[in-house]
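Novice: The primary structure of each chain is shown beneath.
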Amino acid sequence: MLSIIVFSALAIIAVASGIAVFRVDSMARATYALAVSFVAVGVMLVMFDLDYIGVITILMMVMEMAIMAIYMIMFMGMNPALMPMSMVHNNRWSAILATGIFLLLAAGALLVPWPARSGTAAPDLTVAVGEALMGSKMLVMLTVSPILFATIVAALVLANPRGRYDRWGDNLKRVCPDDPQQGGLGK
Amino acid sequence: MGAGMDMHADMDAHMDMDMDMPMPGGIPLASGGPDRDGLEMDVLHVALGPVLPHWPAGLVVRCALKGDVIVHAEVEILPAAPGTALDNPARVGRLPSADDDRRRTVIHHSDAAVQLLALVGWWSAAGRARRIRDEVASGTALAEVAPRLERLAKDVKRSRLLGWGLKGIAADTGPGVQRAGNGDAATARTRLLHWLNEAGRIARDTADSYEPLDFADRQRESLGAIPSLVNGTDVASARLIIASLAIDTSALTTSGEARS
Amino acid sequence: MTGAVMNPAWALLAPVVLGVLALAGAALNGVFVARAEGRPALSGAARPVLEVMRLMRQRRRVTVAADRLLWRIGGMALLVIALLKTAVIPLGPWILADISVGIVWFNAMDVMVWAGMWLIGWGANSAHALAGGYRFLAQAVSYELPLMFALVTPAVAAHSLRVSEVVDAQQDLWFVVWMPVAFLVFCGSVLAFSAWGPFATAAGADIAGGILTEVSGVDRLLIMAGRYALLATGAAFAVALFLGGGSGPLLPDWLWTIVKTLVLLAGFIAVSRRLSAIRPDRLAEVAWIVVLPLALLQTLVVSIIVAVRG
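Chains as they are written, first to last, in my numbering: chain A, 26 to 212; chain B, 434 to 693; chain C, 4 to 313.
It should be emphasised that the hints constitute simulated quantities derived from the structure, not laboratory data. Treat the hints with caution; some may be incorrect.
Residues from chain A shown here face chain C by an in silico Cβ test under 7 Å; the list is partial [claimed, not checked]: (1) L75; (2) D76; (3) Y77; (4) V80; (5) V87; (6) M88; (7) G125; (8) Q206; (9) G208.
Computed cross-link-like contacts, SDA-like style, restricted to lysine to any residue with a CA-CA straight-line distance of at most 20 Å [said to hold, decoys possible]: (10) B:K600 to C:I292; (11) A:K212 to C:V144; (12) B:K600 to C:A287; (13) A:K212 to C:I292; (14) B:K587 to C:R276; (15) B:K590 to C:V274; (16) B:K600 to A:Q206; (17) B:K600 to C:E288; (18) B:K600 to A:D204; (19) A:K212 to C:E288; (20) B:K600 to A:D203; (21) A:K212 to C:V293; (22) B:K600 to A:L210; (23) B:K590 to B:G572; (24) B:K590 to C:R277; (25) B:K600 to A:R199; (26) B:K600 to A:I172; (27) B:K600 to C:R277; (28) B:K590 to B:P580; (29) B:K587 to B:I540; (30) A:K212 to B:R593; (31) A:K162 to A:I172; (32) B:K600 to C:D284; (33) B:K587 to C:R277; (34) A:K212 to C:L297; (35) B:K600 to C:V293; (36) B:K600 to A:G208; (37) B:K590 to C:R276; (38) B:K590 to B:A570; (39) A:K212 to C:D284.
Ideal placement from N, C-alpha and C gives every residue a C-beta, glycine not left out.
All chains should be built: construct the whole structure from the sequences, respecting the hints.
Specialist: In structure tokens form, the structure reads like this:
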């Protein structure tokens, strides 16, 4: 009984703060409303005994929102943090899309015959998740992660407006790099 | 989520925004300008001073900021009331005596060191400098504080963390001013060491070999150098630079020159 | 000591223990300040209590167009986060919630500090406070990854993310002995997420107090108490992860935990006053180019040792 109450409260918090994202006036509030929504979802995952996934959701989402707040404020011009502004866009189509997807997912949740649990839960779910993710799929992981990493590095190199020739001179022979803000190592 | 913001539809309304847009707290919108990184940034006008911790009292540096980077600065010194005996802590409650000038120099130098050490967050060293300054101001014999000043100078010189933190914080106000011994341009760190060494030397020597304190001219030069020195630095570095100029606003206001 | 089921009522005691530890830290800091200023040490030790009374009575100062909701949330956050951290920190044989992912829980909570600090800086609508909030995030992206690897290392050695099992795995040899880099990185990160000592740049004097510029009254009290509480929980967690938890001769387990925590806390506070600030713009390169590879190397070495020993 208690768990149903707590779960329902969390669900309401998640949805309500999700709605708040589009109702509040400020970028900072919108971002952190989204963070609250994610934290509520994370706690719900913990309630499913998915400790690791739940806690890591909280960790990742709070971190992400803390950083995203910076970008939201940076790129939404005109003093967006303090100015009342409309947070919705293309109202009709987004409403149609949202309703359609909600109906689809809800229908799926209600109509699909969910299988009953076969066997019991592993004693240590973290180990189980780790083996499920990494055990049989280790080769995939080993291939995917260097590719992802290389993509990130390549994207950064392409996006960087000031490469090493800008910093170290045409012959790369400057004693210390020409940076607007000096770093700690002079590299 | 970013795409959800209805910015484009608002563009038409942009024109009459100045009139219609509510100003939160009566603060008008910031205007934009290009940034050193190629972004368009809001320009924020912030006045540093006249009252801040570890800041020359009465000095106002009006800055235009992009982010926390100063892109333009103007310097002003607020006019002060006529000086009192309190302006010269060495002379409070006593008759003038021969070593007043030495005392005043030691106080000025250790005071400057207190400000800079506090700004870099080295509280134990700042506390030591402050105690020395207070004791000199309240009449302790100079010979007594000399070894402590020298020890402090040695510790400051040895601190690699401080050297690293202050690296590249330039404080060169122009030719002929307080150069470091080897002729390099003055930095915040060389200034700090210079004050402590000078204060220690003056406190120890009884002969009249100290630097006289007629620095109104030099102060004016330092003041004039602020806008170019802090341009392009972030606020925190600007604070360190200004602290390393050791501006004595009382010397400037009493000599009549208030603006630069 | 694993799996000791506890009455939830003990949760009421955790804030008391945390409060006492935080107060002890504040008192010690007061003693250091008093000694530096040449006042009697006892007056410094009493300072935190007087400061609490002063701030409780002080009226809140409010700035123009402040985002009060976010500001208040940020002000409360640090203390709440520290309390949530105590759930997974063992005190001798007792631990409130010995969940299977205790270390990740601690990590998730210290990421919450990012939000809290930034909100404190943001809410005030003041240039210096905002610079402080951003500074904390700049510092956070420097310390967080090394911190994560420092947390992972004991977990690798103990084959578990459960804090009690990490403590048990140290019966023969404390982890600090064979993972000193991880220990040092963790201690540095504790100072960093508490915005303390050389990492107190978010509240640095060079930006006029940063996030603390505009806070007053109860908000200030909560933030200051929260920083001490974070420091104390960090010390206590370091004891559990690296210093053998409650193991030690003669004294009972819980007392050893407290003694070790106090010693580490005193170390944090004593060291901090002697170091100048490390500004985030200087820290970033060092953290990513030197500290992170070192932390990774430490994890690698420990992993190899664990794999070889089986």
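Novice: All the hints need checking, so say for each whether the structure fits it.
Specialist: Evaluated hints:
no., hint, in the structure
1, L75, "violated, 10 Å"
2, D76, "holds, 5 Å"
3, Y77, "holds, 5 Å"
4, V80, "holds, 5 Å"
5, V87, "holds, 5 Å"
6, M88, "holds, 5 Å"
7, G125, "violated, 34 Å"
8, Q206, "holds, 5 Å"
9, G208, "holds, 4 Å"
10, B:K600 to C:I292, "holds, 19 Å"
11, A:K212 to C:V144, "holds, 18 Å"
12, B:K600 to C:A287, "holds, 15 Å"
13, A:K212 to C:I292, "holds, 9 Å"
14, B:K587 to C:R276, "holds, 18 Å"
15, B:K590 to C:V274, "holds, 19 Å"
16, B:K600 to A:Q206, "holds, 12 Å"
17, B:K600 to C:E288, "holds, 14 Å"
18, B:K600 to A:D204, "holds, 14 Å"
19, A:K212 to C:E288, "holds, 8 Å"
20, B:K600 to A:D203, "holds, 15 Å"
21, A:K212 to C:V293, "holds, 12 Å"
22, B:K600 to A:L210, "holds, 10 Å"
23, B:K590 to B:G572, "violated, 28 Å"
24, B:K590 to C:R277, "holds, 14 Å"
25, B:K600 to A:R199, "holds, 17 Å"
26, B:K600 to A:I172, "violated, 39 Å"
27, B:K600 to C:R277, "holds, 19 Å"
28, B:K590 to B:P580, "holds, 15 Å"
29, B:K587 to B:I540, "holds, 19 Å"
30, A:K212 to B:R593, "holds, 18 Å"
31, A:K162 to A:I172, "holds, 16 Å"
32, B:K600 to C:D284, "holds, 12 Å"
33, B:K587 to C:R277, "holds, 15 Å"
34, A:K212 to C:L297, "holds, 18 Å"
35, B:K600 to C:V293, "holds, 19 Å"
36, B:K600 to A:G208, "holds, 10 Å"
37, B:K590 to C:R276, "holds, 17 Å"
38, B:K590 to B:A570, "violated, 25 Å"
39, A:K212 to C:D284, "holds, 13 Å"
The structure fails to meet hints 1, 7, 23, 26 and 38 from the earlier list, while all remaining hints are met.
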